[in-house]
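Chains as they are written, first to last, in our numbering: chain Y, -2 to 99; chain Z, 21 to 370; chain X, 741 to 1129.
Hints are not guaranteed to be accurate.
[Claimed, not checked] Calculated pairs, DSSO-like style, for lysine-lysine (alpha carbon to alpha carbon, straight line, at most 30 Å):
#1 X:LYS776 x X:LYS786
#2 X:LYS808 x Y:LYS5
#3 Y:LYS94 x Y:LYS54
#4 Y:LYS5 x Y:LYS54
#5 Y:LYS54 x Y:LYS80
#6 Z:LYS161 x Z:LYS147
#7 X:LYS833 x Y:LYS(-1)
#8 X:LYS808 x Y:LYS(-1)
#9 Y:LYS(-1) x Y:LYS54
#10 X:LYS833 x X:LYS1115
#11 X:LYS833 x X:LYS808
#12 Y:LYS80 x X:LYS808
#13 Y:LYS5 x Y:LYS80
#14 Y:LYS5 x Y:LYS94
#15 X:LYS1055 x Y:LYS5
#16 Z:LYS91 x Z:LYS46
#17 Y:LYS(-1) x Y:LYS80
#18 Y:LYS(-1) x Y:LYS94
#19 X:LYS833 x X:LYS786
#20 Z:LYS177 x Z:LYS46
#21 X:LYS776 x Y:LYS80
#22 X:LYS786 x Z:LYS177
#23 Y:LYS54 x X:LYS776
#24 Z:LYS161 x Z:LYS46
#25 X:LYS833 x Y:LYS5
#26 Z:LYS147 x Z:LYS177
#27 X:LYS1115 x X:LYS1055
Keep in mind the hints are simulated off the structure, nothing from the lab.
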Amino acid sequence: MKLVDVGKFGVGVYNVGGSLHAIVNYCSHEGAPLCEGLIGGTNETAPDEPGGLRRVKDGQIVRCPWHNWEFDVTTGQNLADPKRRVRTYDVDVDDGKVYLTA
Amino acid sequence: MIIDTNVQPHFRYNAEIRRHLPAAHKLRSIPDVEQQWYQAPGGNYRQDLYGEHYPGSDPETVARHLFDDAKVDYAVLNPLTRGNIADYLLNSRICAAVNDWLLDRWLEPDSSNRFRGTIRVNPEDPKGAVAEIERLAAHPKLVQVGVPMQSREPYGKPMFEPIWEAAAAHRLPVAVHINGGNGVDYPPTFAGHADTYPGYAAFMPLNYFVHMATLIIEGVFGRHPDLRFVFADGGYDILTPLMWRLDTFWLSMRDQTPWVDRYPSDYLPAHVRFCSSAFDGPTDPGQMQRWMEFSGKAELLMYGSGYPHWSTSLPEEAAGGLDSAQRDNVLWRNAGELYGLAAPAEGSIR
Amino acid sequence: MTTIERVDPHTQHDEIAVAIVDTDVHPMPVSTDVLKSYAPPEWVDKIWPTGNAVTPVPHFYDTPDSYKTNSMRVDAAPPGGGFAGTDPDYAAKQLLLDAGVSIATLEPMCDAQLPQAEHVLKATYNDWLADVWLDRNNAHGRWRGSISVSAQVPDLAAREVERWAGHPYMAQVLMTPQTRGIPFGNPHFDPLYAAASANGLPVATHLMGQTPFELIPLYPVGNPAHWHDFFASWPLLYVSHLMSLVFDGAFDRHPDLRVVFVEGGFTWAMPVMWRMDRIWEARRADLPHVRRRPSDYVREHVRFTTQPLEDADVKQFREYLEMMDLGDNLMFSTDYPHWSYDAPTYAINRFPAAQRERIMRGNATALYGLPSTVKALPGERPAVDVSFE
Chain Y
-2 MKLVDVGKFG VGVYNVGGSL HAIVNYCSHE GAPLCEGLIG GTNETAPDEP GGLRRVKDGQ
58 IVRCPWHNWE FDVTTGQNLA DPKRRVRTYD VDVDDGKVYL TA
Chain Z
21 MIIDTNVQPH FRYNAEIRRH LPAAHKLRSI PDVEQQWYQA PGGNYRQDLY GEHYPGSDPE
81 TVARHLFDDA KVDYAVLNPL TRGNIADYLL NSRICAAVND WLLDRWLEPD SSNRFRGTIR
141 VNPEDPKGAV AEIERLAAHP KLVQVGVPMQ SREPYGKPMF EPIWEAAAAH RLPVAVHING
201 GNGVDYPPTF AGHADTYPGY AAFMPLNYFV HMATLIIEGV FGRHPDLRFV FADGGYDILT
261 PLMWRLDTFW LSMRDQTPWV DRYPSDYLPA HVRFCSSAFD GPTDPGQMQR WMEFSGKAEL
321 LMYGSGYPHW STSLPEEAAG GLDSAQRDNV LWRNAGELYG LAAPAEGSIR
Chain X
741 MTTIERVDPH TQHDEIAVAI VDTDVHPMPV STDVLKSYAP PEWVDKIWPT GNAVTPVPHF
801 YDTPDSYKTN SMRVDAAPPG GGFAGTDPDY AAKQLLLDAG VSIATLEPMC DAQLPQAEHV
861 LKATYNDWLA DVWLDRNNAH GRWRGSISVS AQVPDLAARE VERWAGHPYM AQVLMTPQTR
921 GIPFGNPHFD PLYAAASANG LPVATHLMGQ TPFELIPLYP VGNPAHWHDF FASWPLLYVS
981 HLMSLVFDGA FDRHPDLRVV FVEGGFTWAM PVMWRMDRIW EARRADLPHV RRRPSDYVRE
1041 HVRFTTQPLE DADVKQFREY LEMMDLGDNL MFSTDYPHWS YDAPTYAINR FPAAQRERIM
1101 RGNATALYGL PSTVKALPGE RPAVDVSFE
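Modelling step: build the complete structure from the supplied sequences, incorporating the hints.
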């Protein structure tokens, strides 16, 4: 994750499987610096797996450093309640430079 | 119409249950009627009901008090069972004996067709509980399954799920009521025993929340769309603050229990109902209407007198302060929908 | 809309107005060795066994990804190393400077299985806290402390209260609510309540550890399996203690006692007050020792800290708080540096405007006898005036 000092809160740029994604560094819950949270995967229901869980979406889910709300960096959506989204930015790379579009 | 969803009928005397016990269990000692750790000083029941009969033990008296005096159209009978018994198999026989007694003394002879009943089962004996539900579910006057509030484990835990599955398959709600007929009575508050009766009575009904929260978080409601629970001792005022808490932390905890796929409070309308009690509701009646809108309680609450308890409440007391739609919901509409009860043919809708 | 008016940031102001009081912050010793240095030598091996005996770390319930987060804010680890909450300077930067807190009450968390050991452990924490946080790193005077005591030995707890009473920065007494089956209203606690009341010190309670046996109490209907449903029902422990304080007559025996329920929610107080009032009215003969209406005791004797705030619809939430009318009894808290931290900026707007000043500042100021101004930190943008409207 690269934290870019732009805008009021900054923007975090993530490389997910070779493609770049950017989200605002501000959690829609209480305003935590979202991009300082751990990036990883999440669990989905899998009744046939031991423990009923399966790990998915590795490298794609950032958890807010405070309350651990899960956000998909590729969509900005909160996994539990998609209406609790964070702002995303288009990322373009041109000639070694990274461009963020609001 | 008025539906009373919480009435406790009683045996006339301790030994009466023995008529209904199987031969193999007839010589077992069992606790007396009214094995309560915390009895209300002066007696658990309305003072005027002590006298010729044990309170709540005479069908004609009960019918007169409910149907004539209180103008109730239907009463759901949910009998108590006996104390703590270690032998869960014996406990199940006691539940079955109570069920047979209920049919024999209260439901079959009721030609007015206004009493309904409960299939009491023992959650510590899941196989026996399922068998009892299968035995009696087809009876048209048995409208719910009944289990105690007291338990070693909250009802969302997996060992109980076959019981709820059987109840849901027969479209029978499960009523949870402070009771005997189980194997355990842990200290009734989170901080230990209560030293006073009011200290006990104020807290004990609130334990429903743990049962309910586990039914949601363990995924039981999610796996059984037709399952409904009735928390028959009231206590629904703490629903709002604690469900707000359960909802708030769902966003943090989702990945540990991802089968919970919606806000926990979204499970309430389809799965949870409450009986009213004399201890619930704002002390300022002016707040009642607005209060009932929080957490959608107007859709969840059903009038329950608690007869013959000392705190027996009348329909007008339960409906106090409500607007007319809320009043209808509480006095008959929610219970009518839950138990499949329509206005009696020759009665009037009040 | 709450505003804090700023003055020229380049001018170093000595004193600034107290704007926000934070009533729940968790400091930790930077290492066990540092903590041990405050313990009586003969107790060190008993409380922190070494060699073949160990001090295992318990986790009955675990918070999200806590193997990585240790239940802390991920962004609260001091840059110089160490655990979140171990560095007073970094805590001052994040909480006082960045978050705008003026004064914070420090509440260490610790417990031990055996009564004597727990008493010594609590006293050791008090010595450490007083030295590191209330003296050596408190030139700005903005930290307050708690006198930790063992609920298992109220007589020794009372002595510990006496030892610290009068300390300029110890603001309250702190004990666990996990009291092994003895509710707060029980006369068992009378010596502690008497000492606290006599010295004008509120008694605060906060969840301590998840160490084994009965320290996580067996719920009346058994325990949930997940942190999620455990945490949602956990306020019922405070409800149980509050009902005992009222119905067992503790407030009648101790008219000057003030109790603070920390991190257990507060919205439950309204329905619980109704419930207690209804039962008291119906059963007054059972409670001859309870002279007043239960809700009156709550208003006079009880305070609640606000974190963690429920994330309900804000209009509904404010309306609920207005109905509840406990604007004199709530005290803002962050729970820094724990993961379920509430930011002051988030919290302020959750409260009805007419209650904000009391919740964010006034109630704690009154309860703990706090000043109206404090020393500014270097680089701090001071508030000359604070409007909570």
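Query raised in the report: Among the hints numbered above, which are violated by the structure, and what are their numbers in rising order?
Result: As far as the earlier hints go, 16, 19, 20, 21, 22, 23, 27 are violated by this structure, in ascending order.
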